[in-house]
Structure formats: structure tokens, C-alpha cells
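Join the two chains, each given in its own frame, into one complex according to the hints.
Chains as they are written, first to last, in the working numbering: chain H, 847 to 1176; chain U, 113 to 721.
Some hints could be false.
Where chain H lies over chain U, by a calculated footprint (3+ residues, C-beta under 8 Å) [stated by the list, open to error]:
id, region
1, 442 to 449
2, 456 to 468
3, 521 to 527
4, 698 to 707
Which chain H residues face chain U? A few, computed with CB under 10 Å, are given here [said to hold, decoys possible]:
id, residue
5, Leu963
6, Arg991
7, Pro1054
8, Leu1057
9, Glu1061
10, Asn1062
11, Glu1063
Counterexamples of contact, computed for chain U against chain H with all Cβ distances above 10 Å [said to hold, decoys possible]:
id, residue
12, Asn364
13, Arg394
14, Leu499
In short, the hints are calculated from the structure, not lab data. Note that CB positions come from ideal geometry on N, CA and C, so glycine has one too.
Residues per chain, in single letters:
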Amino acid sequence: MDWLNLIVIPVVRSLVLIFVLLTGFAYLTWYERKLLARFHVRYGPNRAGPKGLLQPVADAVKAIFKEEIIPGHVDKVVYLLAPALALAPALLIWAVIPLGKDFPAVADVPIGFLWILAVAGIESYGVILAGWSSNNNYSLLGALRSSAQMISYELPLGLFLISILLLAGDFSLVNLAEAPRQWWEWIWLWIMFPLFFICVLAETNRSPFDLPETENELIAGFQTEYGGIKFALFFMAEYINMITTSAIMATLFFGGYALPFGIGSEILPWLGPFILFGKVVVLLFLFIWVRASIGRPRYDQLMHFSWKTLLPISLAYMVITALLTVFFKP
Amino acid sequence: MLNVSPRTRAYETLPGLNPLGIPAVAPLPSGESPDTARIVERFGTALLAAGLHNGQQVVYVAPGQLVALAEFVRQDPQLCYEALIDVSAVDRSELPVSDQRFHTVYQLRSYARKQHLTVVCPLADSGRPSVPSLAGVFAGATWPEREVWDLMGIRFTGHPDPRRILMPESWPNHPLQKQVPVGGEEVPFTLTWSDPEFESFGKQVLAAESKPPVLPPGMNRENMIINMGPHHPSTHGVLRLVVELDGETVVNVDPDLGYLHSGFEKTGENKRYKDFVYYTDRMDYLSAMSNNMGYCLTVEKLLGIAVPARGQVLRVLMAELQRLASHLFWLSTHVLDVSGTGMALLMYATRERERILDLFEMACGARLTVGYMRVGGVSRDLPPAFLGHLDAFLRAMAERIDDYERMLTNGPLWEERLRGVGHISREQAINLGLTGPMLRGSGVDWDLRRDAPYGGYEQYDFKVPVFSEGDSYARYLLRMEEMRQSLRIIRQAVDRLPDGPFRVEDRKITPPPRAELDISMEALIHHFKLMTEGFQAPPGMVYHGIESSKGELGFFVYSDGSAKPYRLHVRGPSFNNLFAISNMSKGAMLSDIVTNIGSIDIVLGEVDR
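Only chain U is shown next, with the shape it has when bound in the complex (with noise of 0.2 Å):
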């Protein structure tokens, strides 16, 4: 069993130095929107609550109501909630509650209606939690249930692929439960053997015992099975693939996640809000900006405060860069994936996101892992020369596309490998969970950029790529044509650039400029309160999605009133996409996964977070 250092560090608990706040209980949802009351017409007092919560529509349903509910809500036609986007549970034994220990949460999309469906879930205290899974309604909720299964040992009964998914087999707990310790072995200070600091010294390293393979459910040693990762050439960082072939021919495709699981979300509990924008740039680590936007505009939008206008545009001006060289980044390994070393479009399209992360190095000093933005704006302005770089950068890029489109769309065999490989259609696609480029290029108009506008992207005039196909080609295609809108949006945001702050000027969120310590007692009181105490949020839950470069990013949290979140879960576009991986594959050439893992575009950062 694991022995590790306690979760509360002494210095974080000294009286007056950091308060940790009173632990609340979010509050139940009041009114109602045309959609709860529905939902209350039909289901009358079985549903614990239903309503509007942070300007959400949220329903507390009853384990035994759970799966009639997801029916209905997909079903009923002036509903229809297509899709599941992400499951996630709250371990409540640290609030000032005595029952009902587990909630489970469920985030429901509705394409058709551009609407947003909050679904939670209370258990029932018991030794073993568990609650009905979701799986059969919405096929989604397979991977994000074994999730939560894994991390917080919530049982889902009737679940097909009842494993662990991140964590091993033999882990001995599941970490996100509140009891488990956050981890990372304290350091000794002392310089006696014989202190009693040591003696948890080394404690938390596991054994390393070799344990033959265990042969995934479904498949049949009398073909070739063959182990794909978790390092292997292609498969974009530490996934494992167990693939069976018969001949060339691929029968089945079990991914095994977890080899890059590092805990975000229990480190997230264990951070200060401000603390946690460093974290997501290691999530999607290629697009660093976007989960950096995510985060604050959630917490933002927890707190009830809006950026000013020179903030938005920045943080849209940087997430579309980002946006851009993510998919710049693709484009290079995709290439790679389906061509080869030699393949020079690899280095061509390497070029121009260098060109990207040079602009982010002069705007916040970081290439990849930038951190540019805060709670309240971004962490600093633009310098002087930043605009007339990024306009020749401009400039070059639009022909650089075409040359791109010149090289692959106009050149041989580029089409022939990607036309009708990785078919998925619009109904798997909403089924599955699906978003982002996979998504649209199945034929789902949607775009959270223009269908739930945030951080101002209403104001911005750009064409959302749909392609029907379904197909890797279609994906190519459309991203191909993302990137031109991205440009466009680029320059729109330089267009209207305006002056005044870049961020928020309320002391609580923000610190003063570095300038007003020198001069003023009080800039110096806030200063050393916001770095030692951070701010805190005013209980309740929120999610917010944003569209990242892969799919919709959304974060997921749970405030109990202090300056840390009580549970923060991230919803990884990449994870749930890599889910598709079995569907897209079975029944096509070895060298298809290939092209499906690139296509679907993954970074593992974010798939095992």
C-alpha cells in the first residue's frame, strides 16, 4: 500500500498566511429554461432538482431515473441531446456534507438546438459506488466512464469494457478520491540519519513486477498480434496499440492509455486557480495557448468577470496562431505518418510553425509551454515589433497553404492513401462524442467558436469547413481550409487591436504593475496577497468548453468557496477522439491505423493528462 506524505503541508494551514476558506456546497440550480421544464413535465418529481445554475441548465436525477432520463433527453424531439460529451464525478467527503458522498456529472450537446445539458447525479452511499452506465445510450460515454471508474472508483453497471483505462491493472487506489494523498515524496530537511523524517523515505515507489501481457477482451491469439507502442515510430508519443492482424488485414484495435498520465486534474485540486494556467500548456502541449484560453475563460466565468476588449483580442489573436501552428504541426506529421522521413513537406510545414512559436517567444518569452494567459486577460502586452512580424508572417503563410494544397492535394498518392480510410459517419460521429475536425468532417455543422461564442469570436467573420465524407481526405481537406480561416481571423484581430488594458484592473485577480509596488503600500498588500493567497471563487460547478485546435476542450469546476477548486476535470478533445481509433480501423490495412492515429490528430499529453 501506499505510504506518502499528508495532503495538508504545514505551511499551507498557518493561521492568517492562507486561510483555505470555508468549504461550501455548490447550490442546487433555480428557475428553468424551456429545456429543464421539459424535462420536469416528464419526469415530476423524480428529478431531485433541475434548473439553471451559472447560467447553465443543470438536473439532479436519481441513479434509478439515470438512464430514462439520457433516453428521453436524446429521444425527445423538442430536446434531442445527440451527444455525451464527457462524464465526470465529484468525490464530496471533504464538504460539509455527511451523505451522498459520489456525484457523478454528465455534459449533454444538442447539435441541432445549439444547447448545453448538465446532468448530475447523486449515489448512494455504499462501500462500492455505482451507478448505471451510459454507454448503451450514448456510446461516447465508454472511455470517459472506464475514466472515471479508474480515477475516482465509481462502478458503472452494465458497462461493456468494465477496465481501468489510465492508472494499471494493479494500482492499489483510485487517486481522485479525496482520501488519496496528492503524492510527490517530501524532502527530508534535516541532517540526522537517525530523524524520523526519513522514515517515509523512498516509500512510495512501487515494485516493478513483470507481469506477462494480459490479451485484451475480443481478441484471438490464432492471428498476429502485434504490440504497437507505446514506442513506436508513429504513434505520436507513449500510445499502445494492441492490434490484430490476419495477413495485412486489422481485426481488432484495443488502446492502452496511461504511459503519460500525470495527474492534472488531482494537481489541479491541490493548486491555487492562478497557479493551475501553467499546468494545461503541458496538457496539449502543441497548443498551448487554447487550453491556457480554456481554463481562465472557465474560471472567469466562475468568478462572473469579463475581460477587457484589448485582452479578448489578444487571447483570440493567440489562440488562433496557436490554433495554426497546431495544425501546422499535424499537417508535418501526418505528412510523416503516411510518406515517410524524406518527405520534405515535413520540414516546409515545420518552417512555419517555427515562424509561430518565434512570435510567441516575443510576446511572452515561451515557446511552447507559454503561459501567456491569467485569470482576468493575459500576463502581458504585445511588444512594439510583435505586429510587424506577425504581418509578414501573414503574408507568407496564405501562399505557403497553396504550396502545401500544391504538394499534397495536386500530387500522387496523396489522395489515394487518405480517400476512404478512417470512415466514420454523422451519426457515429455525434454517437461517439466526436468534435472538432472529426466531428465537421463528418458532416456536423458545429463549431463552439460560431455556436457558443466566448472570449468575443462573435465578432469575428469566418466561414466554419464542413465535409460530409467522413474520411481522413475530408479531415485533410478541412483542416487545410481551418488554417486559411485562422489567417483570416488573424488578420481581423490585428484590424481591430484596440488600445487600453490588457487585462483586469480589480487588484483581487490581477497584480499590480510591477512599477506601483515601488510607489504605493497598497499595490504591495495586493501584490503579496494574490501571490500567497491567490483569489477565491464563490461556490457553485461550472463547465466551459472551448474549441480547441483538436476538438472541444472544456473544463469542468467544482468550487467549494476557496482559492483552490474543490475538483477540476478537464475534458481532453484528444481522449475522446482517440475512442474512435477501434471503429476506424477494424477491417482495413495495417498501414490505415497509421493514418487514422494521424488523422484523428492526437497528443497524448492531453489523452492521458
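One chain only, chain H, in its complex shape (with noise of 0.2 Å):
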């Protein structure tokens, strides 16, 4: 019965994982819109369905048949691949997340965290390739932003998560969810939480650092040449971004799966994804939060941040991790 557990399983769980996060990400936006409205003293969508929970499924139906336009001048092939370039990485990414006590999301992968920042490498192309594709000079600067301001911020984001791996000393994301942590450990990590996040921020294109967008400049930056269905996929892929960034952070940071102190590990382990959904949540109010209320950097000062301040940190960080590690780990 190898074929079973090889392909059919898998299949399955992706489809039905495919499923939870198309799901998600509809409402996910319900959830910005109605929490960016109460920051704005607004009341956000109310119309379709109670508390507006049915205009996800509204704007899905109006993206989908929107007319598929395709302006003349641009480089069909490429244009038209790369919202679909976008979302993949986004999906592949939940491979390996641990939904909960041996339950990774499709396979415990030993390299789990390798994959994780390959897959995370492909991501920046969508964007890249839909500006220059787009034939437009807005789309253009939008998509040199992107790929300028991704390549910054991975390398402080890969020194922190190399941070995190030597503490660990594993590869797996399950075995880093569970892995047993001093008090200290937790500490040493959570001082590095807001600057993580923070390239979190840079990595999904999320305000105060979505410039490859900038609305305000750039019309619609990258993007600004799509519509319809095809807009829609760029938006999905940026939002289900998000859900992934926060299951990794929630994974890394604050135990995943498990409740402090390791309560109810034994008696509840089906809780683990609801709890892991639950963090998500919470750390989702962190983006949309932050959205609200700061406001965007200019281009050069976003890189400075990263090349003089963030980059600095991220090596000292790993440096100090390494001794820590060596010399207070047993």
C-alpha cells in the first residue's frame, strides 16, 4: 500500500489544505476590511450577509467574471504566468508547517526549514516578472522596487532564521515546534521577534513597506496592468503570504501548535491546529494593525533601514546566538 501513503494521502491533504487556505484567505480580507474600518471609525463591509461575511464571497464572483482583459502591449506569455508564479510559492510553503503534534501539514520534511526559505526565494518573481512583463513605466519601478527591497530583506530574515536553527540544532519544523527551550531561549527570541517582523513586513509586501504598490506613486506599482481574476491571484498570493508568514512565526516564536507549559498536550492533541489558528489570528492583528497606524518610508530610507540598521543587527544577533549556543546549551 505504498502508493496509498505516497500519493493519494498527500494528495488529499493538499487538496483539503488548498481548500482551508483559498478559504482563509477570503477571510482574511473580511477580517482587514472590518478591522482596518474600526480603526478608521468606519464599519467596514455590512451588506452582503450578515456582518458583510458573505462579501468574500461577492468579490470572488465579481473578480471571476470580470472581463479577462489584456492590454496590447504586453509580453503575453510572461504576463499571464506570472500571478500564477506568485501564488504557488505562497501554497507550497504549508508543506511543511506542523499543524500539530505529528501531524505536519503534508510531510515532515528533515529539511523543513530549507524548504521553507527556497520556496520563500521563488516568491519575489511573480512580482518581478508581472512589472516587466506589464510593459508600463509604473510597473516597472514597482517591480525593480520589489525585487531591490526582497533581496535586502531576505538576507537579515535568513540571519535570524539561522539564528533560530542554531538554537534548535534541527532542520525539521516539527521538531523545532517542539523542541524543549530555557527560559532564556524564549527570551533571546523574543527580543528578536519585532525586528523579525519587521522583515516579515518587507518579505510579504505588507504596509508600512508594500513600495513595489505604493498606490500613492505608482498607482498600482507591479500590479497596475491587471485585473480581474488575474489581480485577484496577485491579492491571494499576498494574503495567504501572510497566513503563512504567521504560521512560521507562530511555529518559531510561540510554540505552534502547543499551549504553554504544555497544557493539555496530552489529553487534547486534535486542538493543535485550532490553536495554531489561533495564533495566526492574533498575529494577523499584528500586520493590519501596524497598517493602521504607521505610515510608509520613502525607497532609500527603506534600504538604508535594511543595509545599515537591520543587516548589522541580524549578523550580531547570530553571532551572539552561536556563542550562547555553544556555551550555555547542554
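Structure, rendered in C-alpha cells:
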């Protein structure tokens, strides 16, 4: 029955996962719009369904049934490929994220960590190709900003991740989530969390680091020429990335699917996914809160911050972590 | 060529109903002031006339002497008129004169000596009227002179950039010349298609030819040229900027105006004095009250009437509320431009502005285009509940301004985005003819409310904030402080609000109260005469500037003694301030252009007029 274990079960799991993620994306848009509305002293969507809960459905229907417009001046193949290329990595990362004890989303890959780094690296191609193929100055500027920004922030992000690896001593995310940590390890990790979060904001192109699509300067940046469902795919990629990175952060910093001090982990192991879900929702709140209260830096300031501030800090952090690991870890 | 309806409609010339008034020429200035005496001493008989007219210093000079005069009044230590505020022109072809069809009119300002000088330059008659350009003396003349060329057809010799500015390059005429019809297609009132009335029907529409874009002078295709606007999220309306970029660095900016040009000045010449108030609402639609006030004060100056005390205080109250509303909306859009749509302050400032608009609605029934003021006062008294609501608003507002400052001044990133961006030095600000917060942000201590008081502002106690840094951050802090000062003025206005009439009781200028119409025949006659004919203003010309939220809003009126202004010119602060955009943005980042547009605080309705 090898083929069952190797193919059927992973496929079924993937399909369920994709379904859950797409629903999650849809309701994340609702969540963001409602929350932003609260920050803005507005109501937010409240017409479609109770509390506007059917709004994502209406949006999806609208996006899907919109006329497909492909501008005459674009490079067609790349133009159509780009949205798919943006969305696929966002979904792929989920394969290795542990949802519960001994319950990885699709597979417990021993090098889950590297998988995340590798797939995250592909993400920026969707944006860059979209901007390039659109043959529009605004899109091009957005794509250029995007590539520079992703490279700049992937460096400190990678260094921070290496520090976490050093502490845990394992590449598997399942083991990472369950790694027994001493109290000073937690504190040391949490000190790094705000900086890590900044890198994640930049990686996911979220406000205040949404410079590739700054609507005030670049109209819509790399997605200026996209409409209908193609635009929705970019949108989807961004929001699923938010969910993904929240899940990763929950796993790395806040124990993933487990409650603190191991409460209930023996009695109710099936609670895992729900606990993870709760943590993700809280982290997503953070994304939106930041968007509502912090303005955007200018492009050059963003780069300076990465290269002159974050990179040295992350390097120092890595060195100190290495020393701590050598001297204090049993 | 345009084929449009005749300028004077038949019903307007019906005898008895609406006499047009006898056209007369504005009298030459008489008397003298120290400044005009000094100019006469220097130029002697080369001047055509000099002296006082309607209380203003006016000098008539021939085109040959114009540049010399401008340089003299600018550099002479006893005069030092540092800034050229406005350039306009009058087409006198419908006046009872046979020569010198065009006059150009210059408004000069001395900030140090708090003096205003009007220079009139009659042009020699020829097929191509021309006058030397003053752009070499005052850089601020560049755009106003382009506007005069565009709308009046007067060439400025030696002008650095002699393109049209508001109308398209292909426009067949210069609209403000008197022989050009006002436009507006007549609706044929007939039932038969063979009626000759239909002959001109639909002829006014110009053919929509597609033309290849023309690269503005001084730009290079080797760099990236992007087109910001006219449909761009942060150009505050239909402004188009052609931007030359080297990477993210701005090499050149060329603003393209006129997408919202609605010919207010031409319309004004065809409306009675009292009917133009509502048009001023639509210019700077974010500060309709200030526009009303500026226009009414100008006409009152021409008529020589004084508004009763209650009317004056009500005007100040409304104008300051409007300044507050305008600044609040500036703040919210500036935050939107700099920080993105998610930023919550956008909605907070808009929420407070809504409360001001609610107050306006209580006072006059309209929120945005209020039309509250009238020549001679205001349209109606305050409703009884107004002051209570105003008081509640004032108390809430003081804390709100502190809240905004906590979010921005003390918050991360805001200062970094604005500090050092869009820098203008003191000399530049004066030379470019900037006014309002743009001028005060560069260290010039000048506020018309204090330095040339109008409408009773001399009775209020307020500070004029001045910052010397000259960057966007200084202008931000300055406007925040201006909001606080406006609150102070409003409080004082509420405290001193006197009883009494809210407008002039002269029945030739303001209509009688409605109740009087039912019992008094005389009132009915006055009402009828006023509504059909309006009132006539004595011949003469007058310029009056007020401090609107964006800078000096000036109205120049040339009267020929009839019930309509012979020439009405509006000096929009947004127009003159926007001229600074290329100076501010060269060498900056692309994002800074957006910051600069926000920091100038433009309203396209006023830029294009």
C-alpha cells in the first residue's frame, strides 16, 4: 500500500489544505477590512450577509466574472504566468508547517527549514515578472523596487532564521516546534521577534513596506496592468503569504500548535490546528494594526534601514546566538 | 473656428428691464503717496500717471519703461517691492476708448514695508500686442504671464517658457478677449426641425483629434519619462505632471494644467456682481467661505460700503472654520499621500471636518459650496442651535489636534519623510511669488490678516506662526499651529458676537427680508430691481487680497459702471504656489513629488479656475 501513503494521502491533504487556505484568504480580506474600518472609525463591509460575512464571496464572484482584459502592449506569456508564479510558492510553503503533534500539513520534511527559505526565494519572481512583462513604467518601477527590497530584507531574515536554527539545532519544523527550550532561550528569541516581524512585513510587501505597489506614487505598482481574477491572484498571494508567515512565526516564536507549558497537549492533541489558528489570527491582527498606524518610509530610507541597521543587527545577533549555544546549551 | 451663440442675449437688452449701464473708463489715479512720489521722482515724465485710486497706489507706465520700473521698485531701499503677486490684463475694446486696447496689470508687494503697489501698463495697439516679460526680475511672473498670454493673447517678449498654460495648444482663440463669445450653446426653443435656430446646433464641439504627446522643453528621452496624472491617485485632482526620472531620482518636472479650466473669469464678466458669489465656491472648493469673503470684500471696496459688526464677525467666524476645515482635509490627504491608504489619521481628520461641514449646513443649508456670504454681509443669521454645537465642537477639536500631533509629530517615520523634503529658501519663496503657508514656512513673517487687516481681523488676538526651515516638515508644523490659532480666533468671535443687522440695510444692495415683501410695495420694488438688475458699481478698478487657507486669494475687478464687472480676475494661491513644484522636486526622489504636491496644498479648481 505504498502508493496510498505516497500519493493519495498527500494529494487529499494538499487539496484540503488549499481549500482551507483559500477560504482563509477570503476571510482574511474580510478580517482586514473590518479591522481597518474599526481603526478608521468606519463600519467596513456590512451589506452582503450578516456582518458582511458574505462579502468575500461577492468579491470572488466579481473578480472571476470580470472581463479578461490583456493589454495589447504586454508580453503575453510572462504576463499570464506571473500571477500563478506569485501564488504557487505561497501555497507550497504550507507543505512543511506542523499543524499538530506528529501532524505536518503534508509531509515532515527533515529539511523543512530550507524548504521555506528556498520557496520564499521564488516568491519575488512573480512580482518582478509581472512588472517586467506589463511594459508600463509604473509597473517596471514597482518591480525594480520589489526585487531590491526582497533581496535586502531576505538577508537579515535569513540570518535571523539561522540564529533560530542554531538554538534549536534541527532543520525539521516539527522538531523545531517541539524543541525543549530553556527560559533564556525564549527571552532571547522574543527580543528578536520585532526585528523579524519587520523583515516579514518587507518580505510580504505589507504596509508600511508595500513600496512595490505604493498607490500614491506608482498607482498600483507591479499590478497596474492586471485586472479581474489575475489581479485577485496577486491579492491572494499577498494574503496567503501573510497567513503563511504568521504560521511560521507562530511555530518559531510561540510554540506553534502547543499551548504554553504543555497544557493539554497529552489530553487533547486534536486541538493543535485550532491553537495554531488562534495564534495566526493574533499575528494577523498585528499586520493590520501596523498598517493602520504607521506610515510608509521612502524607498531609499527603506533600503538604508535594511543595509545599515537590520543587517548589522542580525549579524551581531547571529554571532551572539552562536556563542550562547556553544557555552550554555547542554 | 468656433461658431457660438452671440454674447449678449436678447432678453438682456430689453429696454427698461435691464439697462446695461453706461460704460465708462476707470479714472486715472490722483493724489500721491510717499511711494508713488518716490517713483515719480525717479522716472518723471516717463510715467503716464501715478497716485492713489480707490485707496491703492497705482502707477501707469509705458511698456518701454516697465522692466526698468520693476527693477527700480524692487531694488530701491526706500521701496523694496520684493514680490510680484499677480499679473492680469484688461481688454478695453468694449469701453468708450479708441486706443490702447490692452492693459496689463501687475500687483507688487513689499513684505518688509507692508505696502502694495499696482502697476498698469497700457500696450500700444498692433495686431500682435506684446509687452516685455518681468520673469527676469520676478521669477513668480512666469506662470501668470503664461496665463495672460493664453487667455488674453498678449505676448511677453523675453519670456523663458512662452507656451499656453490652461487652454490646449490647438485652441483657436484667446478666450478673455472681448470679441470671443462666452460660449454655452443656446437651446433652440422651437418645434420644427427646419427652424434656422438649429443651424448653429452642435457646432461648438471641437473635433477630438488625437495628437502625439509633445515632450516638454528641457527633457531628454534617454531617461525614463513618466506621466503622473491627470488620473493619478495623488495629484489631488486633474493635475498632470510630466516627470523625467533617472532611476528613482527626479531630473525634471513639468506641470500641465488646465484640465479643470472652467473659465470663471469669463463667466464673471457676464454675471452681475451679486450673482458671482456662488461661482467663487467652485474655485477652491475646500474653502468656499474664504472665496466668498474675498470676492464680497473686493466688491464692497469698490462700492465703498461697510458691513455691520455682526456680519463682520459672522464672516470671520465662518472663514476661520473654513480654514480649519481646509487644513484638516489637507492633513488627511497629506497623510494619505505620504503614508498610504491604511493610515487611520486620514479618517480621523476627515471626521472632524465633517463636523465643520455640519455646522455650515446648519448656518446656510449647504456643506461644500456654501454661498453663505453676500455683498454687504451674509445671507442669513445663525440658527439658534448653532452656537451650542459650535462650542461642543471647539472643545473637542483642541484635543484632537493634540491627538494628530501625537500620531504624526511623535510617531515614527513621519518626520523622516518630510524633513528636508521640498526645501524652499526665503529668497526663493519671495521671488517665486509664493504666499500663505508656503511663504511663512520659509521664514517670511507675513499674514494678510495681521499685516493688511480686512473684515475686522485687527480686533482679534492671534499669533502668526513662522518657521524658517522651508521644508515640508516646517509647513506641516505651521499648518498644525494655524489650526490652533484659528480655534482661538473662532472662540474670540463667538465671545464678541454682537447683536444687530447681519448685512447692510441698504435696499439697493441687499434684498429686504421676506416678511417685508408681503406688506410693503417699496420692498417689493427693491426686491424686483435687485433680483433682475443687480446693483451698479462705480467705474474704477480694485484689487483686494485675503489670506485664504492656501495663501493670498486676490480678486481684481475692473468696473465700467454697469451691474457686471467689466473684467474679473482671480489670483488663486494654489496656481502661484504650484509653480514651485519643479523647483522643489528637482533632484529629489519620486516619492517626494507626491509629498511636495501635498505640502503645497493645491486645489485644482483654483489652479485652473
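Restraint outcome when Asn1062 of chain H is required to lie within 10 Å of chain U by C-beta distance = 4 Å, holds
Check the non-interface label on Leu499 of chain U: least C-beta distance to chain H beyond 10 Å or not.
-> 26 Å, holds
Chain H over the region 521 to 527 of chain U, status - at least 3 residues with CB closer than 8 Å = Our answer is that it holds, as 4 residues pass the Cβ test (under 8 Å) against chain H, meeting three.
Agreement of hint Leu963 of chain H with chain U interface, Cβ distance less than 10 Å = Violated, about 29 Å.
Claimed clearance of chain H by Asn364 of chain U, with the beta carbon kept past 10 Å = Holds: least Cβ distance 15 Å, greater than 10 Å.
Any CB of chain U closer than 10 Å to the CB of Glu1063 of chain H?
-> 5 Å, holds
Chain H over the region 698 to 707 of chain U, status - at least 3 residues with CB closer than 8 Å = holds (count 6)
Using 10 Å as the Cβ threshold, decide whether Pro1054 of chain H counts as touching chain U.
-> 7 Å, holds
Count the residues of the region 456 to 468 of chain U with a beta-carbon closer than 8 Å to any beta-carbon of chain H: does the count reach three?
-> Three-residue rule met by the region 456 to 468 of chain U, so holds; n is 5.
Return the status of the interface hint for Arg991 of chain H: holds when the least beta-carbon distance to chain U is below 10 Å, violated otherwise.
-> 8 Å, holds
Are all C-beta atoms of chain H more than 10 Å from that of Arg394 of chain U?
-> Consistent with the label, Arg394 of chain U stays out of reach of chain H, its closest Cβ about 26 Å off (over 10 Å).
Hint validity - Glu1061 of chain H Cβ closer than 10 Å to any chain U Cβ | Status holds, d = 5 Å.
Violated hint: 5 only; the structure is consistent with all others.
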